[in-house]
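Student: Here's the letter readout for the chains.
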Amino acid sequence: MAILGQLLVGLSRAMILFIVAAGLSLVLGVLRVPNVFHGSLYMIGAFVAWTVAEAMGGSPARLWVALAAAPIVTAAVGLAVERTLLCRLYHREHLMLILFTFGVMLVLNDLVKLSWGPTYRSLVPPEGLQGAVSVLGVALPRYNLVLLGAGPLVAGGLWLLVHRTRIGKIARAAATDREMVAVLGIDVGRVFAVAFGVGCFLAGLGGALVAPTTSITLGMDHTLLIESFLIVIIGGLGNLWGALVGSLLFGVAHSVGLLIWPQFAIAFPYAITAGVLLVRPQGLLRSVW
Amino acid sequence: MVNGTRLGVGVLLAALFGAPAFLPPFYVYLIALILVTGLLATSLNLVLGFGGLYQFHHAVFYGIGAYTLAIGITKLHWPAWVAFLAGPAAAALAGLLIGLVCVRLERLYFGMLQLSLGSFVWIVALRWYPVTGGDNGLHGIPLPAGLKPLGGAYLFILTTVVASLLVLWAVVRSPFGLTLQAIRDNPQRCQVVGIQVRAHQLAAMVLAALFAGVAGVLYVTLERSVFPNMLSWVLSLEILVMCLLGGWFTFPGPLLGAALVVTLRTFAGRYTEYWTLILGVLLILLIFFLPEGILGTLRARHAQKAPEPAPQPAPAGDVHG
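Heads up: the protein sequence lines correspond to chains L and D, in order.
Residue numbering for the first sequence follows our numbering, starting at 1 and increasing by one per position.
Residue numbering for the second sequence follows our numbering, starting at 1001 and increasing by one per position.
This is chain L alone, in the form it adopts within the complex:
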């Protein structure tokens, strides 16, 4: 039964990983840039959620307002960077685009330090979501139900956006052949901005969702960014369903690791990644490129 409980906790973590990695994957697929400050936006999302929740005091709606506000803030930050600076680099060598996102990461992380300081914060979920519920005889923190619900919601929403809207279709076309799309008279820059904004929104949403389950602190971005990179690599670059499969593998590997060797549980997802890449260097699912 301990295994089942751990699996459910791992599944909750997989949902956070999926939401963040899906944003990264979307940007990778459309813009072909691994956005290195994606992790910083995740961290900013968590801090903003904390600040909003604190400002609302004991209001029962505080978590929901925080969950709505944080992704909007991170999407705004991401779009501001994209529209003012990043969009001027699209014609440049690929390495310069990546290095630019490195630079923004360094700046954003120090701005977080400047704004919120190095102390640990924690966000207590509202009364209705505290404590644990019994699922199949296993005690699961009640808040994890929110996470388990959020993952499928985001996956469904992304599927609708990418496959059922005009902008999604254009984004998919631009991912395959951006010159052709531009030749057809479509403003590729606008499509890039939308995809980037959605990606940054998801980073912030992941950060806000994780806030009540962990201590919010500087450095929380690093591990998550690396894990998102690995998830996107094993899933297939830019493939949203690959991100889902990768996240599930990661969450489960981590929770199994916690049972077997807690101190180095973090090594298990890496072992999975190495195994997948030895068999399929191009990732489990097809890369969109």
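Mixed in with the good hints, there may be bad ones.
Unchecked claim - Beta-carbon label-pair distances, calculated as ranges:
hint	chain 1	residue 1	chain 2	residue 2	range
1	L	Val183	D	Arg1189	45 to 53 angstroms
2	D	Pro1175	L	Leu114	46 to 54 angstroms
3	L	Ser115	D	Gly1152	41 to 49 angstroms
4	D	Arg1127	L	Ser115	49 to 57 angstroms
As the list claims (entries may be wrong) - In silico SDA-like links for lysine to any residue, alpha-carbon gap of 20 angstroms or less:
hint	chain 1	residue 1	chain 2	residue 2
5	L	Lys113	D	Lys1075
6	L	Lys113	D	Val1281
7	L	Lys113	D	Ala1021
8	D	Lys1148	D	Ala1021
9	D	Lys1075	D	Ala1021
10	L	Lys113	D	Leu1277
Unchecked claim - Computed, partial: chain D to chain L, Cβ under 8 angstroms:
hint	residue
11	Leu1108
12	Tyr1109
13	Gly1111
14	Leu1113
15	Leu1115
16	Ser1116
17	Ile1123
18	Leu1150
19	Gly1152
20	Val1162
21	Phe1267
22	Tyr1271
23	Leu1277
24	Gly1280
25	Val1281
26	Phe1289
Just so you know, these hints were derived from the structure itself, not from any lab.
We put the CB at the ideal spot given by N, CA and C, even for glycine.
Keeping the supplied structure of chain L fixed, place chain D upon it in accordance with the hints.
Tutor: This is chain D only, laid out in the frame that chain L set:
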């Protein structure tokens, strides 16, 4: 021109060897730190500038070299010379292992995977308390008596760095180095004419890791301590900025970049704790205004004035996926 360059290098070397006689210890220490960091940045540039590989987490090999020396002496009680050789050897071995996995992949995959595997090493150094000392690191590492005074350490560092740079210079100019640059510029064509692309890239990674390990060992000689930040990603970004600032298609560029960045960090560190903010802004400014670096820009100017223009290096990153 060539004779002028040789004369300049000769004068610089004489000044460096004589420095402890007339400079206060702080500046001797600073020069030693620049030399160590310069070797680290030059070793990165072998794979980045000359190899065109997105090695985003190079500091890992530096850290492995340093930690191997430190652990070898304090925990395993190896003789000093064994530990000093084991450091670079361990770094080269790590370069081989990480390289074996990474060179199978294309540019972007390569960069993301190299970064992730490097971060794994960092996590191990951070958590394996009994061996690595965790986030405290290891301090007060006993070294041979001759290396204890700053003057002795300085001469050892200077000699080793000069020797290493000569080897790296020879590698870049060798048929192997030229092939590596050809692969950077057009991997498909090199593959077609029968060059073993991945074997060359792997060999470059092992060499770069080896010399990063040498730099790591030299850092321990200077500081007599190791700590997990030596394997941190921020340091990797710092040496990337050094290569970019100095000029990453030139051999001495990373050395110049290291001199500027290390000096800036040392003096900025007195006034602010927001060094990474400065580094980030510097990186963004470089990308927009000086993408070829100082030496690259100077060389391009020089080539414009000369009657026969020198061949321009092709940008390394414009082949997508």
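Student: So, for every hint listed, does it hold in this structure?
Tutor: Status of each hint after checking the structure:
| no. | hint | verdict |
| --- | --- | --- |
| 1 | L:Val183 / D:Arg1189: 45 to 53 angstroms | violated, 28 angstroms |
| 2 | D:Pro1175 / L:Leu114: 46 to 54 angstroms | holds, 51 angstroms |
| 3 | L:Ser115 / D:Gly1152: 41 to 49 angstroms | holds, 46 angstroms |
| 4 | D:Arg1127 / L:Ser115: 49 to 57 angstroms | violated, 29 angstroms |
| 5 | L:Lys113 / D:Lys1075 | violated, 36 angstroms |
| 6 | L:Lys113 / D:Val1281 | holds, 16 angstroms |
| 7 | L:Lys113 / D:Ala1021 | violated, 43 angstroms |
| 8 | D:Lys1148 / D:Ala1021 | holds, 17 angstroms |
| 9 | D:Lys1075 / D:Ala1021 | violated, 36 angstroms |
| 10 | L:Lys113 / D:Leu1277 | holds, 10 angstroms |
| 11 | Leu1108 | holds, 7 angstroms |
| 12 | Tyr1109 | holds, 6 angstroms |
| 13 | Gly1111 | holds, 7 angstroms |
| 14 | Leu1113 | holds, 6 angstroms |
| 15 | Leu1115 | holds, 7 angstroms |
| 16 | Ser1116 | holds, 5 angstroms |
| 17 | Ile1123 | holds, 6 angstroms |
| 18 | Leu1150 | violated, 32 angstroms |
| 19 | Gly1152 | violated, 36 angstroms |
| 20 | Val1162 | violated, 30 angstroms |
| 21 | Phe1267 | violated, 18 angstroms |
| 22 | Tyr1271 | violated, 14 angstroms |
| 23 | Leu1277 | holds, 4 angstroms |
| 24 | Gly1280 | holds, 3 angstroms |
| 25 | Val1281 | holds, 6 angstroms |
| 26 | Phe1289 | violated, 12 angstroms |
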